[in-house]
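Q: Each chain, letter by letter, is given below.
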Amino acid sequence: MNEMNITSAQYIADEGTNVCIQATIDGQELSVPLDSANRHYAEILRQVEAGTLTIQEAE
Amino acid sequence: MSKLKVSAIHDPDNDNEAITVDTSGNVSVSSNLKVNTIQDTTGNDALTIDSSGNVTASQGFVPSTQLSHRNLIINGAMQVAQRGTSQTTDGYGSLDRWKWNKVSSAGTMSQQTFTVGSEVDGQKNYLSFDITTGDNFTGFRTYIEGVRSVPSNSQYTVSFWAKGTNPGASNVRVRMIHNFGSSGSSAVEPNSKECSLTSTWTKYTYTFTAPDYTGKTISGGNDYVALVIEQRSTDTSTDAWNMDITSVQLEVGSVATPFEHRSYGEELARCQRYYEKVSLTGSTTSYYYAGSQNNLLWVYGVTKRTAPTVSVSYTANSASVIASRIDYTLLQASNYFAIGALSFDAEL
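Protein sequences appear in the order of chains A and B.
For the first sequence, position 4 matches number 27 in my numbering, and the numbering has no gaps at all.
For the second sequence, position 315 matches number 510 in my numbering, and the numbering has no gaps at all.
Since the hints were made in silico from the structure, they are not lab data.
Just so it is clear, CB atoms sit at the ideal spot from N, CA and C, and this is done for glycine as well.
Some hints could be false.
[To be verified] Computed, partial: chain A to chain B, Cβ under 8 Å:
no. : residue
1   : V42
2   : C43
3   : T47
4   : L53
5   : S54
6   : A60
7   : R62
[Stated by the list, open to error] Simulated restraints on C-beta separations:
no. : chain 1 : residue 1 : chain 2 : residue 2 : range
8   : B       : T360      : A       : T77       : 42 to 48 Å
9   : A       : E82       : B       : E314      : 19 to 25 Å
10  : A       : L68       : B       : P453      : 29 to 35 Å
11  : B       : S449      : A       : G74       : 28 to 34 Å
12  : A       : T77       : B       : P346      : 41 to 47 Å
13  : B       : K319      : A       : E80       : 46 to 52 Å
14  : A       : L68       : B       : T360      : 36 to 42 Å
15  : B       : W493      : A       : E72       : 38 to 44 Å
16  : B       : S381      : A       : T77       : 26 to 32 Å
17  : B       : G312      : A       : E52       : 27 to 33 Å
18  : B       : T412      : A       : E82       : 37 to 43 Å
19  : A       : G50       : B       : T303      : 14 to 20 Å
20  : A       : G50       : B       : A301      : 35 to 41 Å
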């Protein structure tokens, strides 16, 4: 069972470089830094690894 | 001058040994020793005891255990609730640093205030964990940053005051987890303890032994020691149960010392390393205007444990978080935007 309900995830880029992920987690819009010590980012990576989540490319 | 050689002095009534002297010269007193001054070997007063029992050390006092900063638990007095005073959902939602693992249970976790004059252990607040539908593993937990905060192989003691009713099929479980990080060695759990709650506020004390960290890999930047209080894994009862708890302390050593009280301000600052919330509603400074590009650099009150997850509530337009660091967040937009509230989450 997933610890967090992540319904969307998309990279945010600044000058062509991904800087964070805009995600909807447990119904909340959150900006998640690309830092493995961050619990939300760690969970996003875990769900991507498990094949249950895809991170959309930045617009 | 002559010598008196004696190995024991007996009391006159029962003929029991009152004072004994062993062959090394060590003196043992079987009962009370009444004294008002203890001198050092040069004849100077080292300790004096007045008639009220107050003890004064004439020179330095060197304790073998630390006098302050003993308690590794943050918000053990349940004072700080930045997110709100009550939650019915999983995760963090009310008292800072205390996380509900809801599983399939139902109920409410909340901060409560003692009636004036009925405080327990000198506390103003307590955590109320009120489960209306039980489930195994439902419980609350708190994380201590850094697994090495509790030294390898050391004894440590958890104490708290609590009252309540027990889950349907067993007692409440007090469980410790030593986690070495998301890319570190597998977590290790010392043997858990059982806590049998009663309807009367009672102080509970449990001593654990930390695992041997030799050969472990600590990696990921998110290692911790967790204190978990929960319905047992083998107890699948859905019966209601509740637990009120305060004065939670975890300290190195095999003895539970009195709870280490800290001010609200000090506790808030400690909590803000992991979560900080700012409300700007009603403030004209919440609007940010410029030309084609608007930047807002928000410096936190307290440096965070790690780069935090940022949540922003906008009252006009919106911006993008283009940097989240341990000491600031940078927002950027191509139009003006207005902020109602921000929160920064660096919890474990």
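Q: For each hint, tell me whether it holds in the structure or not.
A: Hints and how they fare:
1. With 8 Å as the threshold, the beta carbon of V42/A comes within range of chain B, its nearest partner Cβ sitting at about 5 Å, so the hint holds.
2. For the restraint placing C43/A at the interface with chain B, the shortest Cβ-Cβ distance is roughly 6 Å, inside the 8 Å limit, so the hint holds.
3. For the restraint placing T47/A at the interface with chain B, the shortest Cβ-Cβ distance is roughly 11 Å, beyond the 8 Å limit, so the hint is violated.
4. Proximity of L53/A to chain B holds as hinted, the smallest CB-CB distance being about 5 Å (cut-off 8 Å).
5. At a threshold of 8 Å, the smallest CB-CB gap from S54/A to chain B is about 4 Å, leaving the interface hint in force.
6. Annotation: interface hint on A60/A holds; nearest CB of chain B at approximately 3 Å, less than 8 Å.
7. The interface hint given for R62/A is met, as the beta carbon of that residue sits about 6 Å from the closest beta carbon of chain B, less than 8 Å.
8. At about 45 Å, the CB distance of T360/B to T77/A agrees with the hint of 42 to 48 Å.
9. Hint check: E82/A to E314/B, Cβ distance near 55 Å, so the stated range 19 to 25 Å is violated.
10. For L68/A and P453/B, the Cβ-Cβ distance of about 43 Å falls outside the hinted range of 29 to 35 Å, so the restraint is violated.
11. A beta carbon spacing of about 47 Å between S449/B and G74/A contradicts the range 28 to 34 Å that was offered as a hint.
12. The hinted window of 41 to 47 Å between T77/A and P346/B holds, with their beta carbons roughly 43 Å apart.
13. For K319/B paired with E80/A, a C-beta distance near 51 Å keeps the hint of 46 to 52 Å intact.
14. For the pair L68/A and T360/B, the beta carbons lie near 40 Å from each other, so the given range of 36 to 42 Å is met.
15. Take W493/B and E72/A: their Cβ atoms lie about 32 Å apart, and the range 38 to 44 Å is violated.
16. For the pair S381/B and T77/A, the supplied restraint of 26 to 32 Å holds, since their beta-carbon distance comes to about 28 Å.
17. Here the CB-CB span from G312/B to E52/A is close to 45 Å, at odds with the stated 27 to 33 Å.
18. As the Cβ distance of T412/B to E82/A is approximately 39 Å, the hint placing it in 37 to 43 Å holds.
19. Checked against the hint of 14 to 20 Å, the pair G50/A and T303/B passes, with Cβ atoms roughly 19 Å apart.
20. Judged by the Cβ atoms, the range 35 to 41 Å given for G50/A and A301/B is violated: they are separated by roughly 18 Å.
The structure shown violates the earlier hints numbered 3, 9, 10, 11, 15, 17 and 20.
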